[in-house]
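Novice: Residues per chain are reported as follows:
There are 2 protein chains.
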Amino acid sequence: MPSAGTHMILEMYECPAELLNDRALVERALREATAASGCTLINQQTHRFEPQGVTGLALLAESHISIHTWPEANYAAADVFTCGHKADPEKACGYLVRAFEAGQHTLTKLERGEWIAAMKPELFEEYPEPRLEQVVEAEAAT
Amino acid sequence: MPSAGTHMILEMYECPAELLNDRALVERALREATAASGCTLINQQTHRFEPQGVTGLALLAESHISIHTWPEANYAAADVFTCGHKADPEKACGYLVRAFEAGQHTLTKLERGEWIAAMKPELFEEYPEPRLEQVVEAEAAT
Chain F
0 MPSAGTHMIL EMYECPAELL NDRALVERAL REATAASGCT LINQQTHRFE PQGVTGLALL
60 AESHISIHTW PEANYAAADV FTCGHKADPE KACGYLVRAF EAGQHTLTKL ERGEWIAAMK
120 PELFEEYPEP RLEQVVEAEA AT
Chain Z
0 MPSAGTHMIL EMYECPAELL NDRALVERAL REATAASGCT LINQQTHRFE PQGVTGLALL
60 AESHISIHTW PEANYAAADV FTCGHKADPE KACGYLVRAF EAGQHTLTKL ERGEWIAAMK
120 PELFEEYPEP RLEQVVEAEA AT
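Top line first, the protein sequences correspond to chains F and Z.
Under numbering that gives the first Met the number 0, the first residue of the first sequence is numbered 0, with each subsequent residue one higher.
Under numbering that gives the first Met the number 0, the first residue of the second sequence is numbered 0, with each subsequent residue one higher.
It is possible that part of the hints are untrue.
Sample of chain Z residues facing chain F (criterion: CB under 7 Å; computed from the structure) [what the hints assert, rightly or not]:
1. Y12
2. G37
3. T39
4. I41
5. Q44
6. Q51
7. T54
8. S65
9. E71
10. A72
11. Y74
12. L106
13. R111
14. I115
When the alpha-carbon atoms are kept at most 30 Å apart in a straight line, the in silico DSSO-like pairs for lysine-lysine are as follows [unchecked claim]:
15. Z:K90 to Z:K119
16. Z:K90 to Z:K108
17. F:K119 to Z:K108
18. F:K108 to Z:K85
19. Z:K90 to F:K108
20. F:K85 to Z:K108
21. F:K108 to F:K90
22. F:K85 to F:K119
23. F:K119 to F:K108
24. Z:K119 to F:K108
25. F:K90 to Z:K108
26. Z:K108 to Z:K85
27. Z:K108 to Z:K119
28. F:K108 to F:K85
29. Z:K85 to Z:K119
30. F:K90 to F:K119
31. F:K108 to Z:K108
The set of hints was computed from the structure by calculation and includes no laboratory data.
Quick caveat, the model's predicted, so the values are computed rather than measured.
Here a beta-carbon is modelled for each residue, glycine too, at the ideal position from N, C-alpha and C.
Go ahead and model the full structure; you've got the sequences and the hints to work with.
Specialist: Below, the structure is given as structure tokens:
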């Protein structure tokens with residue numbers, strides 16, 4: 000079935016708390032997960048909460064990755080949404096599971112925009128290459 | 000059932016293309032949807048693609064909101080992820096449907112982190128109020 004994009008919902012359990020509280024690790028994980036999926040990072044933002052927990056959001060040419068951590072519960076919630084046939088969001092999820100050393104995880108795959116993609120599949124068959132200045136913007140942000 | 004948070008998956012169809020291509024509207028929609036859900040905006044980022052389309056990501060004290068638009072298909076994909084008992088992510092979704100004048104929409108509700116929340120519900124019963132400096136940071140970003 001054609002779709003506008005694929006949205007992976009990733010639950011990571013039994014992660015070491017110190018990894019989940021490491022803002023620099025979350026930033027690196029967003030970059031590396033983006034690369035693992037064959038996507039292009041345009042920008043990212045992270046925030047460390049008090050007394051604990053980190054949120055990271057990556058804006059991709061192909062959509063987004065989010066990570067939210069609860070170190071006190073050894074739990075992190077992530078999602079990876081990509082469009083375009085070249086992207087492989089499952090590889091991003093595999094990277095995140097390894098980066099946060101999750102003892103258990105679940106992965107749910109949602110196809111997005113199926114109604115419009117079924118009616119107008121030609122709109123989603125091609126995906127433009129990112130412009131050079133977007134890539135430069137991504138490098139400056141990392 | 001206790002959960003770590005609620006994740007709403009919102010598909011918006013039959014939206015006017017000019018709304019979907021309006022980066023300022025996407026920024027305003029992120030702010031207003033955050034307020035509608037009773038959440039606190041910490042930061043946001045948006046990007047306008049060429050030849051069309053906008054992505055916006057809002058980092059909330061309570062998790063995140065994303066918006067990705069395809070003006071050529073009159074389609075936008077959004078998600079609203081919130082934790083804490085005070086947040087109402089469905090109100091954020093209702094706001095987005097109105098803001099983008101969606102002719103059709105679907106809404107799917109996912110509960111996140113149910114496995115850990117079932118084992119340790121006390122970890123998710125309380126949610127800290129945002130610190131004052133976080134709120135100031137959000138206002139500076141808007």
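Novice: Taking the hints in turn, state whether each one holds.
Specialist: Evaluation of the provided hints:
no., hint, in the structure
1, Y12, "holds (6 Å)"
2, G37, "violated (18 Å)"
3, T39, "violated (11 Å)"
4, I41, "holds (5 Å)"
5, Q44, "holds (5 Å)"
6, Q51, "violated (10 Å)"
7, T54, "holds (6 Å)"
8, S65, "holds (5 Å)"
9, E71, "holds (6 Å)"
10, A72, "holds (5 Å)"
11, Y74, "holds (5 Å)"
12, L106, "violated (13 Å)"
13, R111, "holds (5 Å)"
14, I115, "holds (5 Å)"
15, Z:K90 to Z:K119, "holds (28 Å)"
16, Z:K90 to Z:K108, "holds (13 Å)"
17, F:K119 to Z:K108, "holds (26 Å)"
18, F:K108 to Z:K85, "holds (28 Å)"
19, Z:K90 to F:K108, "holds (25 Å)"
20, F:K85 to Z:K108, "holds (28 Å)"
21, F:K108 to F:K90, "holds (13 Å)"
22, F:K85 to F:K119, "holds (20 Å)"
23, F:K119 to F:K108, "holds (22 Å)"
24, Z:K119 to F:K108, "holds (26 Å)"
25, F:K90 to Z:K108, "holds (25 Å)"
26, Z:K108 to Z:K85, "holds (17 Å)"
27, Z:K108 to Z:K119, "holds (22 Å)"
28, F:K108 to F:K85, "holds (17 Å)"
29, Z:K85 to Z:K119, "holds (19 Å)"
30, F:K90 to F:K119, "holds (28 Å)"
31, F:K108 to Z:K108, "holds (14 Å)"
Figure legend: structure checked against the earlier numbered hints; hints not met, in rising order: 2, 3, 6, 12.
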